[in-house]
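Sequences listed follow chains F and Z, in order. Mapping of the first sequence onto this note's numbering: position 65 corresponds to residue 70, and the numbering continues sequentially without gaps. Mapping of the second sequence onto this note's numbering: position 193 corresponds to residue 1421, and the numbering continues sequentially without gaps.
No lab work stands behind these hints: they were computed from the structure. All C-beta atoms, glycine included, are put in the ideal place defined by N, C-alpha and C. Fair warning: there could be bad hints in the mix.
Label-pair restraints from in silico Cβ distances [said to hold, decoys possible]: (1) F:L231 - Z:I1371: 34 to 44 Å; (2) Z:S1343 - F:T132: 39 to 49 Å; (3) F:L231 - Z:F1307: 25 to 35 Å; (4) F:S151 - Z:D1293: 40 to 50 Å; (5) F:C139 - Z:Q1260: 15 to 25 Å; (6) Z:V1380 - F:A272: 30 to 40 Å; (7) F:S117 - Z:K1279: 20 to 30 Å; (8) F:S151 - Z:E1240: 50 to 60 Å; (9) F:S216 - Z:R1411: 17 to 27 Å.
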Amino acid sequence: GGLTPTCPLAGEWRGRMEEGKAHSLGGVFAHLEMLEARAREAAMKQAAAEQRKEQLARLEARVQELRQQRDELRAKVELQEQGQLGKRGAMSDPAQHSAQAVLEWKIRKVKSTLQVFYLTGISGKLTKQGVCFCISTAYEGTYLDSYHLDLLTEPQVRIHHHSIPIFIPLEQIAKKYLQTDIRRFLSVLSDHLNAYVGRRYQADQLQEHFSDQIEGTMQRNSLCNLLVFNYNTSSKSETFPFNARLLYGDLCCSLPTEVIVSSASDAPAALAETAAAHSDLFRRLALHKAFGS
Amino acid sequence: MDSSLCHAYKDEIQSLEEEIKLLAEKYEDNQQESISFSDEEILMSINSFQKEFQRPSGGCEFPSDLKAQLESLETDLSFLMKFTGIQFMSHSKKTIEKTRNRTVQKHRLSGNCHSLSFELEFQLLEMQTKESVSAVITDLNIIMESGEDSDVSKFVSSTEEHGNLLTFFRSLSSYAEWYEHRRCTFLHFKVVY
């Protein structure tokens, strides 16, 4: 406060005297401070209320602006779609479009064709020192992981970087084909990768959709060519009488080469027959499809 | 009371901004998919574009970038076609559905792999999850020139049934190379004998 004790407010002093409080200098200061604090608080509250009001008004204005923008866009798109019914694919007047727009259209078109190459399994782009290939994998219609292979071409073809998992015999395949037939190299590598991803997908699908028929988690190695699990044919039972061991001897194949399904030695004969039938089934059908049948 | 109104406005702003983004993308997609320029028109545009920006007044970085970008993309595409033997003669796509997490596009492709021609159409569903984008092929339809061959037609129908687009192309590639090799060998013998 900036008030000096020689100029007290008469009314306040009288008020204080009426309250019967000690009217020492310290008491006056304290009271004045309290009044100032109250005034500050009131001013702050008012400022905050005004701020909120302003903010609300700003938000409301923004909502209106966006609503209008959205409605305009909606109308534009509807017009487009109506117009298209008549003249889909028609050549448009190039004079209507700036050279830049035409170029941008063409760039988008080429990019989308390049994306189709991704769907074919082998795509890539040229680099300063060679090529960077992208091998895509899929199980039936579902595209899964893709892997990169950065190749240098001078003085001979060699691998610069790659994202191939270590359990895929990349060096072996490269040694055999990379120098002589790059296409064959990529094709064989692609076979390995697609088969690995296919086996992994089957195991994942089994775990995801038939977990109540499998005891715990199945055992598998990183290459997913050895699977061992205990299972049941129905989801209601609490025991898992069958044990399955699937070995995928051909690394380029997503069906097992060896299947052993066994039941406990004290199990009834009928169970043994079922086990044999299952063994055959697992050899012919993809794992998650075998369970689904 | 005030703050709940504030929240409501903020929520609406966010949903409007998302909707606007999707609509703008839809508009762009529709534009892209419905118009078509011939190669001559594109060449003309490249030339007029260069001239426009070669004038000293326009010192913009963009034009050479666009042309360079187009050239680099076309070089990559022609390399891939040459390397894999797969040539796409025509490709069209139409966006059927587009939401924040899901896009469905219908594609029509025609081309050949060495001397075998094919035509196919399929739907591509792309879904955005927290970690990644997944892509699934449905409604695959394949027409092959040598469709009378029973092996080929069996292969084609099993591929269609499972949406096995990737396998189709990989098998096509190796079959076409073998076919080409066989054809050349046959021709060679025909000539020699």
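Now for the hints, and whether the structure bears them out:
| no. | hint | in the structure |
| --- | --- | --- |
| 1 | F:L231 - Z:I1371: 34 to 44 Å | 41 Å, holds |
| 2 | Z:S1343 - F:T132: 39 to 49 Å | 31 Å, violated |
| 3 | F:L231 - Z:F1307: 25 to 35 Å | 39 Å, violated |
| 4 | F:S151 - Z:D1293: 40 to 50 Å | 27 Å, violated |
| 5 | F:C139 - Z:Q1260: 15 to 25 Å | 24 Å, holds |
| 6 | Z:V1380 - F:A272: 30 to 40 Å | 47 Å, violated |
| 7 | F:S117 - Z:K1279: 20 to 30 Å | 28 Å, holds |
| 8 | F:S151 - Z:E1240: 50 to 60 Å | 39 Å, violated |
| 9 | F:S216 - Z:R1411: 17 to 27 Å | 52 Å, violated |
Against the hints set out earlier in the document, violations occur for numbers 2, 3, 4, 6, 8, 9.
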